[in-house]
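Make a model of the complete structure from these sequences and hints.
Chains F and E are the protein sequences, given in the same order.
Residues 1 to 114, numbered by this note's numbering, are exactly what the first sequence covers, in order.
Residues 115 to 229, numbered by this note's numbering, are exactly what the second sequence covers, in order.
Since the hints were derived computationally from the structure, they do not count as laboratory data.
None of the values given here were measured: they were computed from a predicted structure.
Some clues are possibly wrong.
Below, computed lysine-lysine pairings styled on DSS-like, alpha-carbon distance capped at 30 Å [unchecked claim]:
id, chain 1, residue 1, chain 2, residue 2
1, E, Lys215, F, Lys69
2, F, Lys69, E, Lys171
3, F, Lys58, E, Lys171
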Amino acid sequence: AQSVTQLGSHVSVSEGALVLLRCNYSSSVPPYLFWYVQYPNQGLQLLLKYTSAATLVKGINGFEAEFKKSETSFHLTKPSAHMSDAAEYFCAVRGYSSASKIIFGSGTRLSIRP
Amino acid sequence: DVKVTQSSRYLVKRTGEKVFLECVQDMDHENMFWYRQDPGLGLRLIYFSYDVKMKEKGDIPEGYSVSREKKERFSLILESASTNQTSMYLCASSSTGGSGKTEAFFGQGTRLTVV
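Here you go:
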């Protein structure tokens, strides 16, 4: 069964600092992987996705993630945090089957210090 | 743009009531999902449907059932609502994954309170 683990339920960084949110997946075959963001009182929005075309994936708002098969990781990074990045971030995994579940992690709340 | 519409943003129901949460998507997606979101627990999959009348249990199906009579509509049913089912419920849809279209699209959520 597929699963994802997000390390750190809450991450706090200073404005302008590097953002690193960690995600490790468990899957018998390389899966599809996603990062979603949820701003306060809003729905989930796709940040970026890995579909095996390239291991380094760029998303919206300056975020990117690197798929590392050897480490079964898909960590999310942003070089310089902005106050508007404060939100909850979810990592998710899906298999290759057309009828595949999408399983989410427990989320990481990102806070930005002025 | 894909649109996933949940029938209610807020619901308050009494313990023991039968509750229906409705979800409609307009992109002809084969797959539809129901999740519940609780602080610290992320999104947990309740049920998944990959075709009309086809369903699979997710991680927490107890106390819930689903119905998918038409491709665009996926209903979540709480047979006898209990206070521990107070939560945010999120509906999502996705295609089968062809042409790299793999992600789920979400509705705005229904915040259900059971009193």
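Right, here's what the structure says about each hint:
{"no.": "1", "hint": "Lys215/E with Lys69/F", "in the structure": "holds, 21 Å"}
{"no.": "2", "hint": "Lys69/F with Lys171/E", "in the structure": "holds, 29 Å"}
{"no.": "3", "hint": "Lys58/F with Lys171/E", "in the structure": "violated, 33 Å"}
Hint check: a violation occurs at hint 3 only; the rest are consistent with the structure.
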